[in-house]
Amino acid sequence: MTNLIVEKTARTPHISFDSAKSILNVQGRSIPENSLQFYGVLFKWADHFYQDTTEDQNLEVVFKLEYFNTSSSKCILDFLRKLENLKKMGVKVKVYWFYDMRDEDMLEVGQDFKEILDLDIELLPNAEKS
Amino acid sequence: MYYKGDITDNAISLIIEQMETCLDQEQAPTRVRKKIIYMIIECLQNIYNYFKDKPYQKVLNDESCLDIKNDAYSYTINASNYITDESSQNIIKKIEYINSLSTEELHEFYLKVLSSQQVSSSGGAGLGLIDIARKSGTKLSYVLAPNTNGDIYFTLQISILNN
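Chain order of the listed sequences is A and B.
Numbering-wise, the first sequence is residues 1 to 130 according to this note's numbering.
Numbering-wise, the second sequence is residues 1001 to 1163 according to this note's numbering.
Where hints are given, some of them may not hold.
[As the list claims (entries may be wrong)] Listed below are the simulated DSSO-like cross-link pairs for lysine-lysine, each with C-alpha atoms no more than 27 Å apart in a straight line:
(1) Lys64/A / Lys1135/B
(2) Lys1112/B / Lys64/A
(3) Lys8/A / Lys1135/B
(4) Lys87/A / Lys1112/B
(5) Lys114/A / Lys1112/B
[As the list claims (entries may be wrong)] A few chain A residues that don't get close to chain B, going by computed Cβ distances all over 12 Å:
(6) Ala20
(7) Asp52
(8) Glu55
(9) Val91
These are calculated hints, taken from the structure and not from any lab test.
Here a beta-carbon is modelled for each residue, glycine too, at the ideal position from N, C-alpha and C.
With the hints as extra help, turn the sequences into a complete structure.
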């Protein structure tokens, strides 16, 4: 897998994948009008990872979102479902879901994802690790 | 804060920016600030998506309005725009159903829609009103005002308690 960088905008988060460390970061605001188009990058990335991966490979995915709209939440869930497929293939996937301690809604979304998905998702307050 | 005019991409960015400045100046608690910005984004993008493929309705879109007021206890968001009578009936049905649910039932309904529904080509995920109701923690209200052409001026009213 090659590195990936998508620069942030006022409406979309910064996305980066460090292939050496196998860490994918998604950070910032996610309020695009067209979430499907924006998250298409991540869907493609996950598909490529699926094709190139080997068993026992590690993958860390870090979400640090400030705001996101409901269409983004749906796209993020779809992306996490792709990570579920990677897990089924034997990839050791770990998701870190950061939230502002004063933002109960961001915490709840992380809890919802944990409830829906068969993935190792750790919920972390922003102050704990940045 | 008050805005009246067509809801364009630029207008949404401008309104969000100005509201953030207002909330900073008012030293609104982070919890409330996040909820308000979130609600505004959802309301404005709903209006934007509604008119996106209807450039011939620019005159109606020009009447779209966002009005945010606060007192010692809460913030109230009024988001208004013209919609068809048919659309208003669909939205009312949805709001009445959402309002009939308990907190736990609303959570279950949210998870069900989140898990099953696809993002539509118009950009909606069918979650907007459900999530607004969840995050506001209050029942949704609305006002309907028909005009002489049969269009409905629909206002969604959302309250966010300070505590």
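Would you mind confirming whether the straight-line C-alpha gap from Lys114/A to Lys1112/B stays at or under 27 Å? Within the cut-off at roughly 14 Å; holds.
Take the C-alpha atoms of Lys8/A and Lys1135/B, compute the straight-line distance between them, and say whether it is at most 27 Å. Roughly 26 Å between the alpha carbons, so the hint for Lys8/A and Lys1135/B holds.
So Glu55/A supposedly isn't at the interface. Is its beta-carbon more than 12 Å from every beta-carbon in chain B? holds, 28 Å
Are all beta-carbon distances from Asp52/A to chain B longer than 12 Å? Since the minimum Cβ distance to chain B is about 27 Å, Asp52/A lies beyond 12 Å and the statement holds.
Does Ala20/A really sit off the interface, with its C-beta more than 12 Å from all C-beta atoms of chain B? holds, 33 Å
Would you check whether the claim that Val91/A is not at the interface survives, using Cβ distances to chain B and the 12 Å cut-off? Given a closest Cβ separation of 23 Å, the condition holds.
Straight-line Cα separation of Lys87/A and Lys1112/B no greater than 27 Å? holds, 23 Å
Compare the distance between the alpha carbons of Lys1112/B and Lys64/A with 27 Å, and conclude whether the hinted pair is satisfied. It holds: about 25 Å lies between the C-alpha atoms, which stays within 27 Å.
Please verify whether Lys64/A and Lys1135/B have alpha carbons no more than 27 Å apart. Judged against 27 Å, a Cα distance of about 19 Å means the pair holds.
Hint check: no violations occur; every hint is consistent with the structure.
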